[in-house]
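Chains as they are written, first to last, in this note's numbering: chain P, 1 to 348; chain G, 1 to 334; chain L, 1 to 281.
Since the hints were derived computationally from the structure, they do not count as laboratory data. A portion of the hints provided could be inaccurate.
[Claimed, not checked] Each pair of labels, with its calculated beta carbon distance range: (1) Met260(L) - Ser140(P): 50 to 58 angstroms; (2) Lys89(P) - Gly51(G): 26 to 34 angstroms; (3) Gly71(P) - Val151(G): 24 to 32 angstroms; (4) Val155(G) - Met260(L): 25 to 33 angstroms; (5) Pro108(G) - Leu9(L): 18 to 26 angstroms; (6) Thr240(P) - Val70(G): 24 to 32 angstroms; (7) Leu24(L) - Pro29(G): 42 to 50 angstroms.
In this text, a Cβ means the ideal position worked out from N, Cα and C, and glycines have one as well.
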Amino acid sequence: MRKLFTVMAALAALAAGRAGAQDMLVNGAGATFPAPLYTKWFAEYHAAHPNMQFNYQSIGSGGGIQQFTAGTVDFGASDAAMLPAELEKAPDVVHIPTVLGAVVVTYNVEGLSSLKLTPEALAGIFLGKVKRWNDPAIASANAGAKLPDVEIAVMHRADGSGTTNIFTEYLSKVSPEWKAGPGTGKSVSWPAGLGGKGNEGVTGLVKQTPGSIGYVELAYAKQNSLPVAALKNKAGVFVTPSIATTSAAAAGVVLPTDFHDVSSISATNADGKDAYPIAAFTYLLVHRDAKDASKGKALVEFLHWAIRDGQKFAEPLDYAPLPKPAVEKISKAIGALTVMGKPVASAR
Amino acid sequence: MRRPADTGVESAAGLAPSQPGPGGGAAVPAGDRIWNVGLTAIGSGMLLVAGLIVFELSRTAAPAVASIGVVPFVTGSDWDPVAEHFGALPFLYGTVVTSAVALALALPVSVGLALFLAEMGPAFLRRPVSFAIETLAAIPSVVYGLWGLFVLVPVLRSPVEPFLARTLGFLPLFRGPPIGLGYLAAGIVLAIMILPTIASVTLDVLRTVPVALREGALALGATRWEMIHISILPYARPGIVGAALLGLGRALGETMAVAMVIGNSPGIRASLFSPGYTLPAVLANEFSEATGAVHLGALAGLGLVLLGLTVLLNAAARLMLVLTTQRFMRKAAA
Amino acid sequence: MPWRLSSRLVVNHLATAVCGAMVLVAFVPLVSLLWLVISKGAGGLSLGFFVNRPAPMGEAGGVGPAIVGTFFMVGMACLVAIPLGVGAGVYLAEHGSRPFPRTVRFLTEVLSGVPSIVVGVVAYAVLVVPMKRFSALAGAFALSLVMVPPLARSTEEFVRLVPVTLREASLALGVPAWRTSLRVVLRTALGGIATAALLAVARGAGETAPLLFTALNNQYWSLRPDQPMASLTVQIYNYAISPYESWHEQAWSAALVLLMLVGLLNLGARLAVRDRVGGRR
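Given these sequences and hints, build the entire structure.
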């Protein structure tokens, strides 16, 4: 008993010592798509600024939007642009693009290390029409590959997800049947498959379930040594997701000047023979005018750091850094953020 | 068995006011009054808590009820947040199926176990087995989920589900790809979780069976099993039903372990190998991100449905248990 | 006739064997679970595991904040739940058969069966939304809602076990009723009440669902009730459904820590009762 108390007292002292009163704790929640990078960013930023703590919980883009709107977190994160109905409830939101990522199709089939998927095959699989791995729709693009006669276990998201939004936006663009059916959204009515929670959950499901296929952000597939499919892009070329092909997809995107409504930004099914078809920006959601002076300032300073110094952490984690022209535009947008009505006099 | 009025407090409380105090003055001492008022206030806290729960759920659910309507909500089989179609049926189905599987597996095991401990087995086993049962009851849900996800699901994936598909595949219950996750996995984990509940209540019920009944059967030359079969089981039946209902109530409300192994996919599917969704699991996954009053309201509505089901089951269970007790007291008095 | 008797005996032995087999069936998952948690979890119990924060995704860190968080939130919940639960139990024991207490008892039993996810939803609506933040306070509030009803029921049972004669003797000696309840009856039932309290704490420590959207989670060390807080249960859940092997290992280790905590509390509960029963009286 005594030992237990000593251990507990020690832990409590440790906690109290480290949770110093002057530490700034900024809470955020949202997308799982950029979470590997964000958690790295917050850890690095904390190491450089020990009294700044950014607590990020990856609960999905839907959760990020909802909790940001409800005011229960200081910032949100989403890969999906907020919809008009959502914008109405959060009239002062600004979407700050932070990095580019790719939604990849990952799978778990024994002996299959490379896979090519046409848009028709992909849509067919997720519509539940293409049910087995050796279906002609898949085999026709993969001559010579050993496709087993096994049922395809489709894995999708169970929570409101920006990754789903990006994926379904792509499917709606390439498959009229998908567009008429489940459509685009953070949370759709899936014709087939099982739901996992967060990118983490879907990756876990694919990793553990033989014969499964799922859509996740590139970093998750890479970090877990899962194979990714090459998709046929708009130009008809089968492209493997990578930093280069993601950047190529975003090359033609023109960013708006006002980042309140970013529904015009889309990097899916982009033109260009090197473009990976399912690429996307991801955003941090912040208030145009922060009501909390110290938190607001901390957030703005972090944002400046993220779009410049933070970008060097992107590539090792398989995210594509923001294109140079974009950085300037975004920097201006961050500069336009105010705290208690006054602009932030920060280093940049 | 002590009857409620026997604690003596009411008689004591009844004494105080009618006896004049030593000084011939105040009827009820101030201390007593404060004590009683304080206790009553705390007791009324329960009322407050129950009211709070129902009120908050109803308030949050109101927009959904207004826009969808109660009957379409409960009977709707489509859950599509994008199109704003919200129907509770897939979750009700999943909850019912997993709980039914759990009960079907747990009831025979629990009753057999209780019978063995109470009637058949050697006395030295009672302590360790009871201890084991209590340990099962104390394990948190998330740890069951962890075990279910990493141990049970791979085992189900192969060899169990393929075996079931080969042998019982003619039934629609055992068809479809063996993914491991799904109704069956959730049902098995739930069965393990409700086993202690059913077993311990059944043990208590078996203990209330009057000795006279047992001895009567034995005196007539019955074997032990026949005695159990003839006198104990029929007598204890309402109690065992009550225990089963309590276990069912617990199974309905389990969240974490189910959310981790059921596949999180709303739909009404016949095969036990299919993924599904239950009321608690969808609340856990979708609540923090429901945008729009209608989505949030629909989820709160699901919470209300869940609450209603568990309350009904618990009430029915208590009724059954009271029936057994009353029967005992009537027989004992006779 | 002998053959009829022997077939009845066969049935009898068969029944015994089947029921005995049921005992074994019940043991299998228990043994499997305990064995796995210990074997997979013990390896990860390094010092770093206890004193480090969680690391960025995929890297291995520790679960220190989660352990502290569980203690903190359960402790806060106890501050409210134990007085309320014990008080309600005493109330029910003392005023048991009148109509209003009967209603309260019925409600207490019903509330014991409320799924903890529903409690989480209510706590979100009551505390998180108005306070505009996820907080350890909201988590503790949800936990106390889960802990109070079973605590009240168990307390009532233990108080009822105290013999009437003790109360009557005290009253006969002129001790006021309230003092009798407090100093004589409750004191005698203390062992049982301690048991009930320890079991309620064990239950609170093992809850996950009420904390999901009340206390959220926190990767940093924090003792602030108005900020999100980590907890062992939520940490296990998050790590278990992630794809990272290192996190899976930590989930097993955290589960081991949680089981040890819950086990200790349950053990303490038994000892509290045994003390009383075998002891002075």
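Against the structure, the hints:
no.	hint	in the structure
1	Met260(L) - Ser140(P): 50 to 58 angstroms	holds (56 angstroms)
2	Lys89(P) - Gly51(G): 26 to 34 angstroms	holds (30 angstroms)
3	Gly71(P) - Val151(G): 24 to 32 angstroms	violated (42 angstroms)
4	Val155(G) - Met260(L): 25 to 33 angstroms	holds (26 angstroms)
5	Pro108(G) - Leu9(L): 18 to 26 angstroms	holds (23 angstroms)
6	Thr240(P) - Val70(G): 24 to 32 angstroms	violated (52 angstroms)
7	Leu24(L) - Pro29(G): 42 to 50 angstroms	violated (60 angstroms)
In this structure, the hints that do not hold are numbers 3, 6, 7, in rising order.
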